[in-house]
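A.B. asks: Residue numbers (numbering that gives the first Met the number 0), protein chains in the order written: chain W, 0 to 473; chain P, 0 to 473.
Bear in mind the hints are in silico, worked out from the structure with no lab data behind them. Watch out, some of these pointers could steer you wrong.
The list treats identical chains as one, so a pair stands whether inside a single copy or across any two.
[Stated by the list, open to error] Okay, derived cross-link-like pairs now, SDA-like style, lysine to any residue, Cα gap no bigger than 20 Å in a straight line:
1) Lys347 / Leu215
2) Lys269 / Glu65
3) Lys471 / Glu214
4) Lys347 / Asp228
5) Lys470 / Ala460
6) Lys219 / Tyr66
7) Lys249 / Leu70
8) Lys144 / Trp37
9) Lys219 / Thr72
10) Lys144 / Ser111
11) Lys249 / Asp272
12) Lys409 / Gly364
13) Lys269 / Ser300
Number of protein chains: 2
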Amino acid sequence: MSGGLFTDFYELTMAQGYLEYGLDRPAVFNLFFRRQPWGGGYSLFAGLDPLLEALQGFRFSGDDLEYLDGLGTFSDRFLHYLEGFSFKGDIYAFAEGDVIFPHEPLLRVHSSLVEGQLIEGLVLNTVNFQSLIATKAARISRAAKGGRIMEFGLRRAQGRDGALSAARAAYIGGAYGTSNVQAARNLGIPAMGTMAHSWVMAFPSEREAFDAYAELYPDKTIFLIDTYDTLGSGVRNAILAGKRLAERGKRFGVRLDSGDIQYLSAQVRKALDDAGLRDSFIVVSNELDETIIERLVAESSPIDVWGVGTSLVTGGCESSFTGVYKLAAVERGGRMDPTMKVSENPAKSTDPGIKDVWRLHDDDGPIADVMTLSDEALASGVEQTFYHPSLDTRRFTMTPDGNAVSMLSKVMEGGLRLAPPAVLDAIRERAASALARFDSTYLRLLNPHLYRVSITENLRALKLRLSEETKKAM
Amino acid sequence: MSGGLFTDFYELTMAQGYLEYGLDRPAVFNLFFRRQPWGGGYSLFAGLDPLLEALQGFRFSGDDLEYLDGLGTFSDRFLHYLEGFSFKGDIYAFAEGDVIFPHEPLLRVHSSLVEGQLIEGLVLNTVNFQSLIATKAARISRAAKGGRIMEFGLRRAQGRDGALSAARAAYIGGAYGTSNVQAARNLGIPAMGTMAHSWVMAFPSEREAFDAYAELYPDKTIFLIDTYDTLGSGVRNAILAGKRLAERGKRFGVRLDSGDIQYLSAQVRKALDDAGLRDSFIVVSNELDETIIERLVAESSPIDVWGVGTSLVTGGCESSFTGVYKLAAVERGGRMDPTMKVSENPAKSTDPGIKDVWRLHDDDGPIADVMTLSDEALASGVEQTFYHPSLDTRRFTMTPDGNAVSMLSKVMEGGLRLAPPAVLDAIRERAASALARFDSTYLRLLNPHLYRVSITENLRALKLRLSEETKKAM
Chain W
0 MSGGLFTDFY
10 ELTMAQGYLE
20 YGLDRPAVFN
30 LFFRRQPWGG
40 GYSLFAGLDP
50 LLEALQGFRF
60 SGDDLEYLDG
70 LGTFSDRFLH
80 YLEGFSFKGD
90 IYAFAEGDVI
100 FPHEPLLRVH
110 SSLVEGQLIE
120 GLVLNTVNFQ
130 SLIATKAARI
140 SRAAKGGRIM
150 EFGLRRAQGR
160 DGALSAARAA
170 YIGGAYGTSN
180 VQAARNLGIP
190 AMGTMAHSWV
200 MAFPSEREAF
210 DAYAELYPDK
220 TIFLIDTYDT
230 LGSGVRNAIL
240 AGKRLAERGK
250 RFGVRLDSGD
260 IQYLSAQVRK
270 ALDDAGLRDS
280 FIVVSNELDE
290 TIIERLVAES
300 SPIDVWGVGT
310 SLVTGGCESS
320 FTGVYKLAAV
330 ERGGRMDPTM
340 KVSENPAKST
350 DPGIKDVWRL
360 HDDDGPIADV
370 MTLSDEALAS
380 GVEQTFYHPS
390 LDTRRFTMTP
400 DGNAVSMLSK
410 VMEGGLRLAP
420 PAVLDAIRER
430 AASALARFDS
440 TYLRLLNPHL
450 YRVSITENLR
460 ALKLRLSEET
470 KKAM
Chain P
0 MSGGLFTDFY
10 ELTMAQGYLE
20 YGLDRPAVFN
30 LFFRRQPWGG
40 GYSLFAGLDP
50 LLEALQGFRF
60 SGDDLEYLDG
70 LGTFSDRFLH
80 YLEGFSFKGD
90 IYAFAEGDVI
100 FPHEPLLRVH
110 SSLVEGQLIE
120 GLVLNTVNFQ
130 SLIATKAARI
140 SRAAKGGRIM
150 EFGLRRAQGR
160 DGALSAARAA
170 YIGGAYGTSN
180 VQAARNLGIP
190 AMGTMAHSWV
200 MAFPSEREAF
210 DAYAELYPDK
220 TIFLIDTYDT
230 LGSGVRNAIL
240 AGKRLAERGK
250 RFGVRLDSGD
260 IQYLSAQVRK
270 ALDDAGLRDS
280 FIVVSNELDE
290 TIIERLVAES
300 SPIDVWGVGT
310 SLVTGGCESS
320 FTGVYKLAAV
330 ERGGRMDPTM
340 KVSENPAKST
350 DPGIKDVWRL
360 HDDDGPIADV
370 MTLSDEALAS
380 GVEQTFYHPS
390 LDTRRFTMTP
400 DGNAVSMLSK
410 VMEGGLRLAP
420 PAVLDAIRER
430 AASALARFDS
440 TYLRLLNPHL
450 YRVSITENLR
460 ALKLRLSEET
470 KKAM
């Protein structure tokens with residue numbers, strides 16, 4: 000698929016300008032984000048594989064060029080440039096599934112200025128959405144404390160790709176399957192589901208509906224018991240049909256989709272247990288999110304599986320990730336010159352230059368991430384001071400040991416990815432093990448312990464110098 | 000494009016069951032929504048054209064069938080059924096761009112039970128998202144009171160289709176163009192944009208950056224003035240470059256993307272006016288939504304164009320529309336038998352049967368929508384009582400006149416659409432004129448006057464009867 004037009008219009012007008020003015024020099028762009036979503040303390044990096052795949056196919060077709068020509072804005076010379084365009088840069092990135100924090104370059108794009116600019120929209124669109132959803136899935140999975148998460152969101156997702164990409168990211172973050180058959184097939188993950196109210200209503204009675212389903216799908220029956228009267232007919236008919244399944248050695252579930260879940264799940268559990276159906280399981284759904292799940296789990300609600308839709312596939316009350324993409328350096332006079340956006344709001348000033356990220360550890364796990372300039376080594380065994388990216392009073396002194404881990408690695412060179420797409424289960428496993436290394440106080444849903452992201456003395460000095468130079472120059 | 004797998008897994012298991020048990024009878028499903036988003040008083044119906052297009056291509060490919068076969072859940076007989084599957088039903092719908100209210104059937108699907116079930120996910124995914132965004136765009140456009148809305152959301156949208164479909168819906172709701180070049184081309188709507196901070200930073204100075212842009216794009220220059228110092232260098236350099244444009248008879252704009260927009264826009268307007276550049280315009284961006292825009296407009300901020308991204312393309316704090324799809328009737332014993340989901344929460348009980356929707360008017364515009372059973376006429380000139388769908392004390396008596404408008408019309412017959420896709424500008428115009436007919440108190444952003452949606456005496460009697468029968472039967 001050609002996809003060059005999936006870009007913001009100003010990227011094209013700027014690109015033509017850079018070429019026109021001979022400014023299409025080597026440049027480095029950073030993708031970073033500004034703030035953790037939902038008041039949390041961490042996010043997961045996701046979307047890298049689909050992004051690299053899309054970058055390799057980022058082209059302008061004949062139709063695309065004809066359309067652009069018709070706008071009257073672009074020269075033949077520029078259209079000719081686009082005709083031969085492909086992304087030929089290098090990309091360094093966090094691994095998919097890594098735990099990420101604000102300010103850090105998650106992706107470093109080394110290319111010509113024009114190439115880096117034209118792919119901005121694609122990069123942000125892909126990484127922002129999948130990181131949002133992987134993070135949401137991790138929050139929801141952790142809240143369920145071992146309960147399983149089914150992703151149910153196709154019907155409430157933001158468009159077709161909103162559903163498909165969300166299924167992928169939700170799986171990375173911890174969901175164990177999806178209701179979305181297309182996503183299940185594309186990604187090789189489990190397709191799953193229960194039954195709808197329409198099934199129950201299509202039969203003369205709920206009992207017949209349940210019996211028919213159990214007969215047809217004895218190995219995967221989950222009775223939806225709230226169509227008419229959950230604690231009356233619903234659980235009664237489920238027990239009748241379920242007993243016959245149990246006699247055949249089959250395990251079944253019941254699903255609650257309305258009403259007070261805490262009360263109903265306890266009552267239903269009791270009724271099933273009293274009927275000798277201790278092996279049956281309870282699935283719940285109905286506008287769940289991590290806050291509701293955490294509370295129900297804290298109240299020991301006997302829930303085995305959580306079906307989550309809207310909030311998992313859209314992010315609910317926070318529907319976008321705050322990733323941005325900024326110029327960090329550009330070649331001037333034969334060397335890469337760091338650039339910095341100086342904002343009146345210090346938190347919105349960017350960190351200049353080509354940077355690496357190191358994760359420092361003590362015996363209990365990660366304790367801080369440090370951004371260094373790529374041409375400085377993180378000196379091991381030397382006591383040094385690290386600085387908050389904008390708040391000057393927040394600094395700390397420590398001696399990095401050999402356990403510092405470099406977080407960025409080269410994933411694309413000359414426009415070609417260096418490794419085939421990772422297996423999705425491996426990414427999911429990476430996310431789970433990366434999170435498990437952090438002290439749980441960093442992973443709390445609300446008011447978490449704030450993980451430190453800092454800059455070195457050298458990077459701080461560069462920032463101060465560029466900030467001063469900017470003020471003088473303007 | 001084959002798209003049959005874009006469905007929830009349980010639709011397939013239920014479909015196989017209906018066929019297995021000889022239950023694949025004629026059925027009617029309704030799409031309706033439960034609640035207006037963002038505390039508002041109205042929504043716009045959108046997504047119909049793309050939905051009808053997708054329905055015509057809804058097929059199971061050989062690869063799809065092979066995948067399904069491999070799951071071990073489906074019989075050869077069912078896979079053979081899917082192999083020949085296409086949607087062959089009839090659809091009645093509101094027109095795209097119509098103003099819609101909770102409970103009303105927005106879409107009525109008349110098909111076999113299996114067909115109606117298999118398309119549920121596609122129907123909801125398409126209509127939910129586009130209606131959400133069209134409604135958001137209408138709220139934002141109305142808040143701007145004549146100011147223009149640019150849709151800027153590609154980088155924050157939920158996936159590629161999240162961006163493309165959002166651009167369409169935003170245009171329907173009132174945006175006048177998009178930054179998304181692919182969307183602009185696909186939809187035939189204006190592509191637009193300004194410049195990024197990276198443009199300014201790529202030049203030795205802001206002044207050179209502005210001059211270069213104005214030289215290249217004299218007819219479409221919008222200077223981004225907040226890279227270094229908005230009220231210092233930014234506005235000064237814009238005035239220098241802008242004066243030369245003005246001398247050539249060119250109109251230019253400036254864009255503010257950070258800081259206190261109310262204060263800065265007033266100061267920038269004054270500086271431009273003092274420089275004799277009264278014809279220049281001001282564009283603002285930076286996490287805008289209808290609430291912020293309404294306040295800035297109320298404060299008479301001199302803003303001409305609003306660039307809106309995240310909240311416009313994702314819905315912001317409400318990221319999904321509450322549309323659901325429920326069985327309303329099924330053939331039993333030779334006649335269409337109304338069905339009803341009876342919920343413990345009366346507001347979640349469905350309205351049974353095949354229904355029409357009539358919009359009643361007085362001299363000032365629409366005053367109430369009434370749902371009738373399709374086999375009863377809305378009696379003109381006869382005083383009658385109409386009832387709230389669930390709150391029994393909310394009823395009113397009136398005499399419908401000849402101005403009642405039927406809202407549903409047949410748009411698909413036997414799986415084929417009855418008209419070609421509407422021109423997008425016509426849909427946009429319909430939305431604007433439909434909204435203009437309503438008293439403004441219904442359109443207030445918060446705490447609006449609640450528009451009445453009611454049911455007839457006959458429909459209410461049916462509801463009460465089915466509710467009683469359900470209780471007895473279970």
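A.B. asks: Is it within a copy, between copies, both, or neither that the alpha carbon of Lys144 lies no farther than 20 Å from that of Ser111?
C.D. replies: Neither: 47 Å inside a chain and 42 Å across chains, both beyond 20 Å.
A.B. asks: At most 20 Å between CA atoms: does that hold for Lys409 and Gly364 within a copy, between copies, both, or neither?
C.D. replies: neither (25 Å within a copy, 63 Å between copies)
A.B. asks: At 20 Å max between alpha carbons, let me know whether Lys470 reaches Ala460 within a copy, between copies, both or neither.
C.D. replies: Classified as within: same-chain Cα gap 16 Å, cross-chain 75 Å, threshold 20 Å.
A.B. asks: Between the shortest in-copy and the shortest cross-copy C-alpha distance, which are at most 20 Å for Lys249 and Leu70: within, between, both, or neither?
C.D. replies: Intra 64 Å, inter 19 Å, cutoff 20 Å: inter-copy only.
A.B. asks: What label fits Lys471 with Glu214 when the C-alpha limit is 20 Å: within, between, both, or neither?
C.D. replies: Neither way: Lys471 and Glu214 sit 80 Å apart in one copy and 26 Å across, limit 20 Å.
A.B. asks: Could you place Lys249 and Asp272 in one of the four classes (within, between, both, neither) given a Cα distance threshold of 20 Å?
C.D. replies: Classified as within: same-chain Cα gap 16 Å, cross-chain 79 Å, threshold 20 Å.
A.B. asks: Is it within, between, both or neither when you check Lys219 against Tyr66 at 20 Å Cα-Cα?
C.D. replies: For Lys219 and Tyr66, only the inter-copy Cα distance (18 Å) is at most 20 Å; the intra-copy one is 51 Å.
A.B. asks: At most 20 Å between C-alpha atoms: does Lys269 with Ser300 qualify within a copy, between copies, both, or neither?
C.D. replies: within (11 Å within a copy, 62 Å between copies)
A.B. asks: Treating 20 Å as the Cα threshold, decide for Lys347 and Asp228: within, between, both or neither.
C.D. replies: between (54 Å within a copy, 13 Å between copies)
A.B. asks: My question is about Lys269 and Glu65: at a cut-off of 20 Å on alpha-carbon distance, are they close within one copy, between copies, both, or neither?
C.D. replies: Intra 68 Å, inter 42 Å, cutoff 20 Å: neither.
A.B. asks: When Cα atoms must be at most 20 Å apart, do Lys219 and Thr72 count as within-copy, between-copy, both, or neither?
C.D. replies: Answer is between: at 9 Å across copies they meet the 20 Å cutoff, but 59 Å inside does not.
A.B. asks: Are the CA atoms of Lys144 and Trp37 at most 20 Å apart within a copy, between copies, both, or neither?
C.D. replies: within (19 Å within a copy, 32 Å between copies)
The structure is inconsistent with the numbered hints 1, 2, 3, 10, 12, although it conforms to all the rest.
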